[in-house]
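Trainee: Chains as they are written, first to last, in this note's numbering: chain A, 529 to 871; chain B, 529 to 871; chain C, 529 to 871.
A portion of the hints provided could be inaccurate.
The list cannot tell twin chains apart, which means a pair is met if one copy fits it or any two copies do.
[Stated by the list, open to error] Calculated lysine-lysine pairs in the DSS-like style (CA-CA distance at most 30 Å, straight line):
no.	residue 1	residue 2
1	Lys721	Lys787
2	Lys721	Lys612
3	Lys582	Lys721
4	Lys787	Lys582
5	Lys582	Lys612
6	Lys721	Lys820
I should point out that these hints are in silico values taken from the structure, not numbers from a laboratory.
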Amino acid sequence: MSYTLTEIARRLGGEVRGDAATQVDSVGTLASARANQIAFLTNGRYREQLAGTKAGAVVLGPQECDSTALPRIVAADPYVYFAKLAQLLRPSAGFAPGIHPTAVVEASALIADSAHVAAHAYIGHNCVLAERVAVGSHCSVGADVRIGANSTLYPNVVIYAGCVLGARAIVHSGVVIGADGFGIAFEQGRWIKIPQTGRVVIGDDVEIGANTTIDRGAIDDTVIEDGVKLDNQIQIGHNVRVGAHTAIAGCVGIAGSVKIGRDCRIGGAAGIVGHLSICDGVTISAFTLVTKSITQPGTYSGHPQLPHREWLAQTVQLRRLDELASRIRQLEAQLAALEGRKP
Amino acid sequence: MSYTLTEIARRLGGEVRGDAATQVDSVGTLASARANQIAFLTNGRYREQLAGTKAGAVVLGPQECDSTALPRIVAADPYVYFAKLAQLLRPSAGFAPGIHPTAVVEASALIADSAHVAAHAYIGHNCVLAERVAVGSHCSVGADVRIGANSTLYPNVVIYAGCVLGARAIVHSGVVIGADGFGIAFEQGRWIKIPQTGRVVIGDDVEIGANTTIDRGAIDDTVIEDGVKLDNQIQIGHNVRVGAHTAIAGCVGIAGSVKIGRDCRIGGAAGIVGHLSICDGVTISAFTLVTKSITQPGTYSGHPQLPHREWLAQTVQLRRLDELASRIRQLEAQLAALEGRKP
Amino acid sequence: MSYTLTEIARRLGGEVRGDAATQVDSVGTLASARANQIAFLTNGRYREQLAGTKAGAVVLGPQECDSTALPRIVAADPYVYFAKLAQLLRPSAGFAPGIHPTAVVEASALIADSAHVAAHAYIGHNCVLAERVAVGSHCSVGADVRIGANSTLYPNVVIYAGCVLGARAIVHSGVVIGADGFGIAFEQGRWIKIPQTGRVVIGDDVEIGANTTIDRGAIDDTVIEDGVKLDNQIQIGHNVRVGAHTAIAGCVGIAGSVKIGRDCRIGGAAGIVGHLSICDGVTISAFTLVTKSITQPGTYSGHPQLPHREWLAQTVQLRRLDELASRIRQLEAQLAALEGRKP
Numbered sequence: 529m530s531y532t533l534t535e536i537a538r539r540l541g542g543e544v545r546g547d548a549a550t551q552v553d554s555v556g557t558l559a560s561a562r563a564n565q566i567a568f569l570t571n572g573r574y575r576e577q578l579a580g581t582k583a584g585a586v587v588l589g590p591q592e593c594d595s596t597a598l599p600r601i602v603a604a605d606p607y608v609y610f611a612k613l614a615q616l617l618r619p620s621a622g623f624a625p626g627i628h629p630t631a632v633v634e635a636s637a638l639i640a641d642s643a644h645v646a647a648h649a650y651i652g653h654n655c656v657l658a659e660r661v662a663v664g665s666h667c668s669v670g671a672d673v674r675i676g677a678n679s680t681l682y683p684n685v686v687i688y689a690g691c692v693l694g695a696r697a698i699v700h701s702g703v704v705i706g707a708d709g710f711g712i713a714f715e716q717g718r719w720i721k722i723p724q725t726g727r728v729v730i731g732d733d734v735e736i737g738a739n740t741t742i743d744r745g746a747i748d749d750t751v752i753e754d755g756v757k758l759d760n761q762i763q764i765g766h767n768v769r770v771g772a773h774t775a776i777a778g779c780v781g782i783a784g785s786v787k788i789g790r791d792c793r794i795g796g797a798a799g800i801v802g803h804l805s806i807c808d809g810v811t812i813s814a815f816t817l818v819t820k821s822i823t824q825p826g827t828y829s830g831h832p833q834l835p836h837r838e839w840l841a842q843t844v845q846l847r848r849l850d851e852l853a854s855r856i857r858q859l860e861a862q863l864a865a866l867e868g869r870k871p
Numbered sequence: 529m530s531y532t533l534t535e536i537a538r539r540l541g542g543e544v545r546g547d548a549a550t551q552v553d554s555v556g557t558l559a560s561a562r563a564n565q566i567a568f569l570t571n572g573r574y575r576e577q578l579a580g581t582k583a584g585a586v587v588l589g590p591q592e593c594d595s596t597a598l599p600r601i602v603a604a605d606p607y608v609y610f611a612k613l614a615q616l617l618r619p620s621a622g623f624a625p626g627i628h629p630t631a632v633v634e635a636s637a638l639i640a641d642s643a644h645v646a647a648h649a650y651i652g653h654n655c656v657l658a659e660r661v662a663v664g665s666h667c668s669v670g671a672d673v674r675i676g677a678n679s680t681l682y683p684n685v686v687i688y689a690g691c692v693l694g695a696r697a698i699v700h701s702g703v704v705i706g707a708d709g710f711g712i713a714f715e716q717g718r719w720i721k722i723p724q725t726g727r728v729v730i731g732d733d734v735e736i737g738a739n740t741t742i743d744r745g746a747i748d749d750t751v752i753e754d755g756v757k758l759d760n761q762i763q764i765g766h767n768v769r770v771g772a773h774t775a776i777a778g779c780v781g782i783a784g785s786v787k788i789g790r791d792c793r794i795g796g797a798a799g800i801v802g803h804l805s806i807c808d809g810v811t812i813s814a815f816t817l818v819t820k821s822i823t824q825p826g827t828y829s830g831h832p833q834l835p836h837r838e839w840l841a842q843t844v845q846l847r848r849l850d851e852l853a854s855r856i857r858q859l860e861a862q863l864a865a866l867e868g869r870k871p
Numbered sequence: 529m530s531y532t533l534t535e536i537a538r539r540l541g542g543e544v545r546g547d548a549a550t551q552v553d554s555v556g557t558l559a560s561a562r563a564n565q566i567a568f569l570t571n572g573r574y575r576e577q578l579a580g581t582k583a584g585a586v587v588l589g590p591q592e593c594d595s596t597a598l599p600r601i602v603a604a605d606p607y608v609y610f611a612k613l614a615q616l617l618r619p620s621a622g623f624a625p626g627i628h629p630t631a632v633v634e635a636s637a638l639i640a641d642s643a644h645v646a647a648h649a650y651i652g653h654n655c656v657l658a659e660r661v662a663v664g665s666h667c668s669v670g671a672d673v674r675i676g677a678n679s680t681l682y683p684n685v686v687i688y689a690g691c692v693l694g695a696r697a698i699v700h701s702g703v704v705i706g707a708d709g710f711g712i713a714f715e716q717g718r719w720i721k722i723p724q725t726g727r728v729v730i731g732d733d734v735e736i737g738a739n740t741t742i743d744r745g746a747i748d749d750t751v752i753e754d755g756v757k758l759d760n761q762i763q764i765g766h767n768v769r770v771g772a773h774t775a776i777a778g779c780v781g782i783a784g785s786v787k788i789g790r791d792c793r794i795g796g797a798a799g800i801v802g803h804l805s806i807c808d809g810v811t812i813s814a815f816t817l818v819t820k821s822i823t824q825p826g827t828y829s830g831h832p833q834l835p836h837r838e839w840l841a842q843t844v845q846l847r848r849l850d851e852l853a854s855r856i857r858q859l860e861a862q863l864a865a866l867e868g869r870k871p
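Hey, can you work out the whole structure from these sequences and the hints?
Mentor: Shown next as C-alpha cells:
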C-alpha cells in the first residue's frame, strides 16, 4: 500500500514541496531509506545525512524546508508527523479472534468473542477480557482481572489476581503486574510479612515496557493513570500513583507510596525514595536520585537532586576543585611571606 | 470474619482504649478506611489524617494514644502490630492439592500429595517438592531441584537445575534462580566461557520479589541464608552469600563473590562491587555504590561510599562550593591590595 | 572421567610441576576443593588460601609457581587456563533431539531434526531453527525468527517476530529480545506511539544473561555483533549497536541509538544516554553515567563521566573539602589580623 505526498498531506496535514505525486510505502532513516521510502529529519545530530540520503521524500521542519531539493513535507513538528505517518504506513496487525486449544481458561472467565488468547495462556476465574483483547502465549492472568478493549499482552506477561487494566493497553513480555509490595516489619531479629491486599489499577492508553514490574498496593491500590508510558525494567513500588501522561524511561526505580504528578518526564535509571510527592510538569534527568518532594515544575538533576542549573554549576565547580586548592596554597604562601614567615 | 478489639488484643497483645466491643473485619489506611475497618498510624507523615479518618478503630503507638477519641489499640510497635493484624484478618489463601492436567511432570520427580502444580508448569527429573508446595502456571523447575514445605512459586518462575529452596519460600513472578554467573576469560580478542557448576542454595523463610535474578555459583554455591527478604529486580551475582535476615530493596546490584553479613539493610538501587565483604548489621543507603569492604556496623552512603555522617557533610559542602570560590576571590583581592598590587 | 596433569597439559598447554600422574576429575576452589579436584589461583585476594587447600593439584601463574609443593600446572594466564580446563572437565550436556508433544509449532516453521523444543514452547510461523538449537520450556519464538546452529534458549525466553540470532548463542531465562523501543512523540498533552518496525539482529557467539531486554529498532535494526557477552538485567534501547567482543556487566542501561565500539568493557549499573558514540577499546567503570561521546580508548568513571584518573583526583579532593573550607577560614582570620580588623 503506497501513498503520494498529496494523499499523505491530505490525511496528516503539512505542506508539500517538490513533486507531490511521489509515492512512498514505508518510513526509513535518512541513512538507509530507499526510493520507495520517506525519511525525516527530527534531530539536528543527523542533519548532515540529509545531503546523501537515497529516500524518495523527506519530512522536515520549517527551518529546514529549503535544505534539500527532494520532494518533501514541511511539518510544524516533524517528529510528531513522523509518528503519525509511521502509523499510517504500518497499521498494527491485529489478531485473529479465538482461544487457542492449548490455552487454559477457567469456566467463569468472560472473554469477548473478538478477543484472542494464544497458545498456553492461562486465564483465571472470573476474569473479564473485553472486545479485541489479545493475550499472548504463556501469559498468566490471575483471578478477577479485568482488561479493557483493544489491549494487547505480549507473551509471558503475568497479572496477579484482582488487577485492572484499561483500554488500549500495550504490555510487553516479562511484565509483572500486581506482585506483592515490599512490606515487612522487623521484630526480634525477624521480618514479618505484611499481606498486600490492594490492587494495581491501570487507566486507558498505557504502554508498559518489557520486564517492568508494578507492585500491588499494601491496602489501597497502586494507580497508573491514563496515557502513562513506561519503558523497560522499571520498578514501581506499592501504593505509587503515576499521574496521567507521565513518561518514564528505562531502569527507573520508584519506591513505595510515591505520588508523581501529570505530564512528568523521568529519565533513565533515576530513583525516587519512598513517600515523596512530585508535582505536575516535572522533568527528572537520567540517573538522578530524588530524596525530597518537588513542589515546583522544572528540571531536576543530581544525587541528591538539585534544580538542573544548580546541578550544572556544581558539576563545573567540581571540575575546578584542583584549581581552588592550588589558589588556597598560593594565598597561604603569600600571606606567610607578608607576615615574614616561611610558607 | 470479624473480630472485636478485645478479641484482637487477646491474640496479639496491645491495650484497648474506647469501645472494646467495636468490630472490624479488615485493615484500611487512615485516608480510606471505612467503619468496618481498623486503620493504623505508623509513620508521622500521616498524623494529620488521624483527625479525619472514617475507620472504625485505629492502632497507634503509646505517644499517640490520646490523639484520637476513636476506639483504639495502643501497641509498642504499631507497624509490627499492623503486620500481625493484617495476617490475622486475611489468612493466606492456600492452594488446592493436585497437579493440573496440562502440567508436565517428569516421572522421576517426587511431589507431595498436598502440593499444587498449576497449568502448564514443568517439573524436571528428580525434583522434590515437599508438602504444600505451590508451583504457579508456566513455572519451569529444572532437574534435581528441591523445594521445602509450604513454599509458593508464583507464575513464570524459572529455577535452573540443581538449586535448593528452603521451607516457606515466596518467589514472585519472573524470578530466575540459578542462571549462569557472568564468568568469562579473555584470550586473544575473544571471551571464553567458564562453565558455572555451582548451585543456588536458599534457606528457609526467604521472599524473592518479581524479576529478581540470582546466579548459580561458578564452582561453589551462591547462598541466601534464612529469613532474607529480597525486593523486585535485584541482581545477585555468582558466589554471593547474603546473611540471615538481611533485607534488600529493589533494583540493587550485587556483583560476584560479595559476602554480606546478617541483619543488613540495603537501600534501593545500591550497588556492591565484586569480592567485597560487608559485616553484620550494616545499613546501605539507596543509590550508594560500595567500593570497599565494610568492617564496622553503621550506615553508609554516597558514591563511593562514606559513613553516612561524612557523606551528609560532603553534600552540604558541595552546595557551598560557590561560596568557597567567592571567598577565595575575595581573599586574593584583599591580599593584592595589601601588597599594593592590582587584584 | 578423570585426567592426569600430563594429559591436561597435552591438551591445553602449560608446564607441569610435581607429580604429573596426579588424577583430577573436576575443578574446585582453593577453599573447598577435594583431592580429586584441581584448584586455581587467579586473583591475589585468595593467595593465602593456597597454603591450606586440600585440592589434588592447582593451576597458577609463573610468579606463583613455587608458592606450593602441590602438583601443579603453571600457565601464562591461569584464569584463561581455568576456563578451558573447566570446559574440558565438564563438557556441556547437550539436549535430546525432538519436539515435546506439548510444544506448539506452527506448520510453516522449519526445525532441524537435531533441534530440541521443550515442553510448552511456542514456535511461530516461518521460524527457522538450525541444527542442534535447543529451545527451553515456555519459550515464545515469534514469527519469522531465525536462530543459528548450536544456540540454546533457556526456559521462558521471548523473541519477538522477525529477530535474528546467530550460531552458538546462549540466552538465559527471562530475556526479552525485540520488544518495542520507547518511541513516543508528544502532541497536545498526549503521547503518540511510533511503530517500531526494525529488528534485533544478533551475531555469533553471543551470551545474554537472565532478564536482559534488547529492544527492536524503530526503523533500522538494533545490532549486537559477534562475541558480545551481556550479563543479567541489562536494558538495551532501540537502534543501539554493540561492537564485537564487548562485555557488559549486570544492570547496565543503554539508551536508544547509542553506538558502542568493539572490545569495550562496561561495568555494572553504568548508564549511557541516548545517541552517543563510544569508540573501540573503552572501559567504563561500574555506576558511571556517560553523558558525552567518548573518542579515546581508556577508562572512564564518575557521574558525569571523566577519565578515570581525573575522577579519582576529584574523589580525593571531595574528601578534603572540609579541610579546604577550614584553610579558607584561617586565611580570612590572618588577613583580618594583618589589616587590623576583627576576623
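Trainee: Evaluate each hint against the coordinates.
Mentor: Each hint tested on the structure:
{"no.": "1", "hint": "Lys721 x Lys787", "verdict": "both (24 Å within a copy, 25 Å between copies)"}
{"no.": "2", "hint": "Lys721 x Lys612", "verdict": "between (48 Å within a copy, 8 Å between copies)"}
{"no.": "3", "hint": "Lys582 x Lys721", "verdict": "between (61 Å within a copy, 26 Å between copies)"}
{"no.": "4", "hint": "Lys787 x Lys582", "verdict": "between (48 Å within a copy, 22 Å between copies)"}
{"no.": "5", "hint": "Lys582 x Lys612", "verdict": "within (22 Å within a copy, 49 Å between copies)"}
{"no.": "6", "hint": "Lys721 x Lys820", "verdict": "within (28 Å within a copy, 32 Å between copies)"}
Violated hints: none; the structure is consistent with every hint.
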